[in-house]
Amino acid sequence: MSGLVLAETPFPPSVEDIFPPHLFGVEWLTKFSLFLWLAVALVLIYFLVSYRDPKIVPTKKQWLAESIYGFVREGVAKDVIGHEGLRFAPYLASLFVFILVGNIFSIIPFIQVSPMAHIAFPAGLAICTYVLYLFQGIKKHGFAGYIKHAVYLPAPWYMQFLLIPIEFLQAFILQPVTLALRLFANMFAGHMLLLVFTLGGFALLNAESFFLKPISLVSWAMTIGLTFFELLIAALQAYVFTLLTANYLAGVLADEH
Amino acid sequence: MDHLAAVNGSLSAIGYGLAAIGPGIGVGIIFASYIQSTARQPESAGLTRTYMFLGFAVVEALALLGIAFGFVFK
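Chains as they are written, first to last, in our numbering: chain L, 27 to 283; chain X, 32 to 105.
Some hints here could point you the wrong way.
Taking beta-carbon pairs under 8 Å as the criterion, some of the chain L residues facing chain X (in silico) [to be verified]:
1. Leu207
2. Leu252
3. Val266
Simulated from the structure, these hints should not be mistaken for laboratory data. Keep in mind the model is a prediction, meaning the values are calculated, not measured. Glycine included, each C-beta is placed from N, C-alpha and C at the ideal position.
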């Protein structure tokens, strides 16, 4: 019976379980980097192919590509930043599509893990946003002007002792850190959740008591349910990352309060 | 033996459970308020959706800090 072999499933799973071995013995090539490149290739090729021969009456491919771009351009860039935000629409749209594809990898069979479940990749994306909004702020207000814009709020002077450190922490440390951490923790926790219910099913199947064995089916049914929940989370987190990037840009580009 | 009770396993799981109470209530309040405002003024749904997601993301960050710190302060 296969149950005896399955008894060796690592339960409860730990952080190490989501780090796969290096592929083909190459040190930098892991499952994460492979699927990261796959996501980049998918996004690039899809948008290039669907825009190669644009029609006035769009084809299905072109319609999908246009509605994704239009959604980010109208729903995020224009609504959050305003008319000035349209020049950031390409950045926001590529951020959205790339994170969405990366996140959806977490529920595709045989891939099963999102590159975003590795802190390095969300951190890289957050650094892009961080550098972008620092650069835009310094370009608009000047260096000293931007620092003042970021940390100073109109309030009585005795409140400034409290407000300036908080605002400084918020603008220069907490915003980029939480941006990266939110995406990473969501994808990582989602992956762990699926792992717990899948391996928990095996743990129940191998249980001593005969009456515990059928409950493994409930556990696996939960896994299927949670997989659909993961799809929701994947789309939501891609949207939230884009929305917050736009929001930080809007804060930086705002005129003096 | 002067121990009344003892805990086996990871204490950070309990800590995370406690840490998730606040953000759980917060996220609940945010979605409840969005539903309420949409029910009162259905035309405002599109206008307030962005703010709902912003508020949700900011509050959720607290729970996610809990996940990260559970692993960091081992």
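| request: Could you check if L/Leu252 really has its C-beta closer than 8 Å to a C-beta on chain X? | output: violated, 16 Å
| message | Min Cβ distance, L/Val266 to chain X: is it shorter than 8 Å? | response | holds, 4 Å
| task | For the hint on L/Leu207, just tell me whether its beta-carbon gets within less than 8 Å of chain X. | result | holds, 6 Å
Figure legend: structure checked against the earlier numbered hints; the only hint not met is number 2.
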